[in-house]
Amino acid sequence: MDTPQDPTPISAEEVQLLEVKRIEKQAHRTRMILFGLLILASSLPLFLTLNVPNKPTQATVDLYSTIMAVPDGSTILLQTDWTTSTRGESGGEFEGLMRVLMRKNCKVALYSMSDAQAPKVAMDEIVLTLNPERKLKGEREYKAWDDYISLGFFPNAEGETASMAANLRSAWNGKKYINDSGEPEDVFQSPVLSKVQSITSVPLVVIITATSSFNVLIERLSGKVPIVALVTGVMGPETNVYYSSKQIQGLATGMKGVYDLETMMEDGINSPGPNGKVGFQWENHPPVKGFPGETNYGRGKLYFPTLHIDMALLILAVIFGNVGMFMAKKRGNR
Amino acid sequence: MNFSYPSGSSTLYLALAVTVIFGFLIMFGMMSMPARWRRPVVVTCTFISGLIYVAYYLWPKPQSFGPRDIPLNWSEWVGSQLADTIGVAGTISTALTTFLLGLGIYSLVRIHGRKLIRMQKDWAFSLVLLISMLAIVIFGYWSYYQTKFGPDASKLQDAANWTWVNYTNDFLFDGLLQQMEGAMFSVIAFYILSAAYRAFRIRSVEATILLASALIMMLSLMGAVEFLWNSKFDHSGAFVANFQLTEIARWIRDTFQTPGIRALEFGIGLGALAMGLRLWLSLEKGGVSA
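Top to bottom, those sequences are chains A and B.
Under my numbering, the very last position in the first sequence is 334; numbers go up by exactly one each time.
Under my numbering, the very last position in the second sequence is 290; numbers go up by exactly one each time.
Pulled out of the complex, with its shape left as it was, chain A reads as follows (with noise of 0.2 Å):
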């Protein structure tokens, strides 16, 4: 009679790899869950309009007074290094930016040094974005040539920020911009560049930035003109530097930033509402005006709870990894 054969043993290594196998396969899983959470974390809140309270920090307080100290209808220069890949950021702290200097009637000059995208990406906003805006409230829309103009893309920051700290003059001498005849024009006979003749007559220069193209930027014109800088969570801490030593005048770090501006936009710093409350209090600061009742609230508003959310559920993958390995290593030493 034939005894039944022993089913073939598996080796040490077989073992081992199935091991693996299933390792590999639970964290497929549970990566999966985390990612399905993401997802829903990501895009719940955006469907919902939450208040969640906010206090401006001392760095976008000083943005924002910096901001609005700037005279009404004069000429800023703006370095936007930004596009979509971090709209969530820099395109809510370019909207709040804009929208306040248009309320304060002034003239942007804007180029990029970072990303020949750039400067299309900024003037999509304005005339897609802002101008409907405006246009819908009843309010003048920003003109290309008369309001704004665009210096376009120059790929050699370092050269290019010395000249202009040099000579701005001659630093864009033979920049051509199409005026409201539709001819290319000198760009210095534009009404926004018109009356600047060197960096020091700027009252102001705004860099929005994904990347760290902030230091060329402060490394020349630093001291020679007022800078404030609207960066990304990601860039935050490389700017704070600068920030700390004074070498920047205001700052606005990721979404937070930009909901600490829109919260300013609407309730000013230390300044009495509509009702006769002060909406932002901050302790020996002048009173600064806000622009209550208007568009003020944009991304950072929409955003600010989701960051809340993606947080929470960062901080909770961190906890529930560490208990995972604890748990593991209970198993092992038993």
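FYI, nobody ran anything at the bench for these hints, they're computed from the structure.
Heads up, some of the hints might be wrong.
As the list claims (entries may be wrong) - SDA-like, lysine to any residue: derived pairs with alpha carbons at most 25 Å apart:
1. A/Lys120 - B/Asn242
2. A/Lys21 - A/Asn322
3. B/Lys148 - A/Glu141
4. A/Lys55 - B/Asn242
5. A/Lys246 - A/Pro71
6. A/Lys246 - A/Val288
7. A/Lys104 - A/Ser271
8. A/Lys175 - B/Lys232
9. A/Lys120 - B/Lys232
10. B/Lys232 - A/Ile315
11. A/Lys143 - B/Lys148
12. A/Lys175 - B/Phe149
13. A/Lys120 - B/Leu130
For this one, chain A is given, so just place chain B on it according to the hints.
Below, chain B alone, put in the same frame as chain A:
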């Protein structure tokens, strides 16, 4: 010296043609030059270019010197000449850097064109790349011409009057390129979350300190948490006010993060200075100095 000529004038086109021919002549001259002669030319150009910037930073600058002012002495004269030269040097260096863009396009077309002709592996991706590049160039310039110089240029400033060319350009730039860039960037969120779960572990004292600091910084970015936390310690002037979330976060930032980054950047700056000196004086072994 004024190199600016009226737009569309024959002088401008003549100047452009002369510049292009001159540029090609220089390039041809450099390429046909024996290697042993090439080096001194490059070394001299590099040194003179660097010297302009070094001299500008080190030379005393004339104070409140306007474009119509006459220098009072030779020191002021040199300072004003250097300030004027920097503008021209900046324009030249910008023009030279712009050539890198052309070089990039040439390289891209060469590599992917060859791949396509030889039908190498993944040639379809090369085809997509070349078609996309061509399409965005054609529609970009076409739309630019229509909105800036076309007969209906002023009407086209309003998006309601756009032609199919403007819409196609907008679709390619805003609808595809920008959105894909946004999508690529948002993928990072998934990596961060995955890394937070799998790699951010309390394995040592250092890791625990790092984790605790990160936790405080993350919580400080959450306005609602910050509001609730701070309200528990909101006693102006009292010692406990130091335990507000914003204060703790600020302490971490100002005491550890910012000085740490500053020290790092100082080191990088010193390294860049040493490297810059080596390049300026052509002491580097690589490149033309080899």
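Inset, instruction - May I ask which of the numbered hints given earlier this structure violates, with the numbers listed in increasing order? - result: 1, 8 and 9
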